[in-house]
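Peer 1: Sequence:
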Amino acid sequence: MVDEFDYSNSLWWKLPTSGETGTELTVRELEEMACRQQHQIESQRQLLAAKEQRLRYLKQHDAKHHQVAAEHERLRRLRDRVEAQEQKLRKLRALRGQVDQTKLNNATLSRSMTQSLEEDFFDLVLIIIDVLLTLINTNVTYKSKFMLPHSDYIKLNIKIQPLYLLKVVVVGL
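Numbering (the numbering used here), first residue to last: 1 to 173.
Check the hints yourself; a few may be wrong.
The following label-pair restraints were derived from C-beta to C-beta distances [unchecked claim]:
#, residue 1, residue 2, range
1, Leu92, Gln60, 43 to 51 Å
2, Lys64, Lys91, 55 to 63 Å
3, Thr108, Glu73, 31 to 39 Å
4, Arg54, Arg74, 23 to 31 Å
5, Arg79, Leu58, 49 to 57 Å
6, Lys64, Glu42, 50 to 58 Å
7, Thr114, Asn137, 31 to 39 Å
8, Cys35, Glu71, 28 to 36 Å
Think of the hints as simulated: they come from the structure by calculation, not from any bench. Every residue, glycine too, gets a C-beta built ideally from N, C-alpha and C.
Produce the complete structure using the sequences and hints provided.
Peer 2: Written out as structure tokens, the structure reads:
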């Protein structure tokens, strides 16, 4: 029989030999070797899977750590902003208190000035009435002594009476 298989393109393995004798290994030894290598491959695969899992865990842990750090930084910035706004609010309240106190002081000063001006005006009116009455009395006395008959003096005196009444009304206020 002719072998129709082309061996020129196939791979040939040289069978391993055992030790120094150079004898070829038996099928049983090859199977045991293959089994040991299979176990080694499986244990290395499991070790690789465990290392990959550990790497994923560390990456997740690192990502969570970065996320937590970013969250802490964001919270710190928020606290800083809140603190700055509270400081501004305290300043505004202090300024509002100053404005309210200034308004109160101005209102008190305005009332005091108004009262003082009213009192001064009242005193001025009394002085004007006194001056007018003095002038009129002086004039009436002068006219009554030198120029007017007695009946005209009485008429003039009746005209002066409203000024005295005005003085009584103003002083009575």
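Peer 1: Going through the numbered hints above, which ones does this structure break? Give me the numbers in ascending order.
Peer 2: 2, 3, 5, 6 and 8
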